[in-house]
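Peer 1: Here are the chains, one letter per residue:
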Amino acid sequence: MKKTIIGLFALLAVACGGTNSTPVVTPDSGTPDSGIPDSGTPDAGDAGSDGGPIQTAAGCFINAQTSIQILNACTDAGSIDKAPVLPLLQSDGGLPPLP
Amino acid sequence: MHKLLLLLALAAVAAPRAQAAVPTCSSLSFVNPLYLEIGDTQEQLIKTLGAHTAAATTPHAITLVYRTNGSCANLTDVFTVPPKPIVSGTTMSYVLAGQNPALASPTCTLDAATPIDVGNAALFISSCAGQAPAQPAGVSAQQGPIQAYTLVVPNASSQTAITAEEAYFVFGFGNNDGFNSATNSTPLSPWNDTAFIFTRLSTKSTLLTWVHTLSQRGGDVAGDPRTFTPAKFLGTALNASSDVVGHVTGVTGSDRERTIGLLGAEVYDSNPTVLRELAFQWFDQKHAYFPDSALGAKDKRNLRDGHYAVWSPTFWIENVNTDGSPTKTDADYVINLILGKQQQLQVNPVDDIISVGLVPSCAMQVNRSVEGGPLSLFDPTSQCRCYYDSKVGTSSCATCNASTPCATGVCSPDGFCEAK
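Chains as they are written, first to last, in the working numbering: chain U, 1 to 99; chain C, 1001 to 1420.
Don't read these hints as lab results, they were simulated from the structure.
The C-beta atom is built at its ideal place from N, Cα and C for all residues, glycine as well.
Just so you know, not all the hints are guaranteed correct.
Which residues of chain U face chain C? A few of them, derived with a C-beta cut under 8 Å, are [to be verified]: (1) 79; (2) 86; (3) 88.
Below, simulated EDC-like cross-link-like pairs (lysine to aspartate or glutamate); rule was C-alpha separation at most 16 Å, straight line [what the hints assert, rightly or not]: (4) U:82 to C:1165; (5) C:1286 to U:76; (6) C:1391 to C:1414; (7) C:1420 to C:1379; (8) C:1286 to C:1165; (9) C:1391 to C:1351; (10) C:1341 to C:1351; (11) C:1286 to U:81; (12) C:1341 to C:1330; (13) U:82 to C:1284; (14) C:1298 to C:1351; (15) C:1298 to C:1389.
All chains should be built: construct the whole structure from the sequences, respecting the hints.
Peer 2: Here is the structure:
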């Protein structure tokens, strides 16, 4: 299933000439952190052979290639969401210099 | 009555002497001793491996005699020309055949200056720039297993996760993190009192790895400049991992909610009933993850696949001749074990590495080239991912042998169908 999805979107990416683009796909389950319906875990060994990275609707990546994609690759591992209030964060979201 | 008091007084005087009676190392007549200077995050590995090398008969028994020290201090000792020996009078630990690694190692006192046979740093060597000399000719440094670093709180704390931005303010701003309890209904974080923040000394890999991790954006884009330095990392800097455990668990009452400390993941793994590991969300990451697939698991899955970003490779150092050959065969032998090279059937070093919470390179799916740097995919030519999973109870790989070949991949010596 995974390879079918990846293969379809790899073809789509090539057809669109968007080799650097990251197509978005809605996974079968649609639940966060389960973007790889077949195995549940990304397999670095597949990277590059089945096509480019795919970002799911849940926001995680299949076939992650870059550091940010790897950090946010689809997984069924446990995770925690946290959005702390950071009063000193700059208006653009950047970190202020240390005192 | 007077006689009884006299006896008690004599006993009181004699007791400390009996307690302090540490033998000299030379009096113990170690079999093929090898002297190591290691980071304290690597002590469990040396205790576990040393119990096996001391019992091995092929090629011969080797006794590991070690001291723990900061990684950058270790590099200073082995990179100085000529190398600095361990000075006479130093208390050394040693590992006996079959010794239980959960127990403290016995100790002895060096009665002569002794050259270091194997040095260790539990982080990128470049992270000690400015603290240690550059690597000189005649010294080999090889990358070994991967070490995870973590943030911990008392087990009674309600905290479960921390983001990189939050940690930046906790350790960089301390009491001045901008949180005003009078105006903010949702606290920035409970960790806004440096009296309850426990860190490590500036030579320690645990501190330096966190310093670099919180100085990088972590992703693919150029980000904030490296602003963190050990001096700017706030909190009480402690010498040993055990000191952090003691301080974090020693806090009582409501102060436990305000307490946080830095540890090597394997130290947390040894203290899960009194400490709680925090899930960590790096810059540009959308969720917080533990080094393992879940709190309490022992599979280091998130570390291995890149979801947990706070880790560093360990480096193992020995002296070499001008042609690159080792000056001490036993040192090279032990380093090769630590690198996961099985050299004889009596010691399976990969099992020892896995059992203490380190990750052999062959089980990693990601890599990085600089402390706290971006991650890249890692596809080693000889993999042990399936074997690693089998040791932590999560393998779904096919097994194989001479009569049952793999449908895909290669049959590893351990009998698993690995991708390579």
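Peer 1: It remains to establish, for every hint, whether it holds in the given structure.
Peer 2: Hint check results:
| no. | hint | result |
| --- | --- | --- |
| 1 | 79 | 4 Å, holds |
| 2 | 86 | 6 Å, holds |
| 3 | 88 | 4 Å, holds |
| 4 | U:82 to C:1165 | 11 Å, holds |
| 5 | C:1286 to U:76 | 14 Å, holds |
| 6 | C:1391 to C:1414 | 11 Å, holds |
| 7 | C:1420 to C:1379 | 8 Å, holds |
| 8 | C:1286 to C:1165 | 12 Å, holds |
| 9 | C:1391 to C:1351 | 8 Å, holds |
| 10 | C:1341 to C:1351 | 11 Å, holds |
| 11 | C:1286 to U:81 | 8 Å, holds |
| 12 | C:1341 to C:1330 | 14 Å, holds |
| 13 | U:82 to C:1284 | 13 Å, holds |
| 14 | C:1298 to C:1351 | 14 Å, holds |
| 15 | C:1298 to C:1389 | 10 Å, holds |
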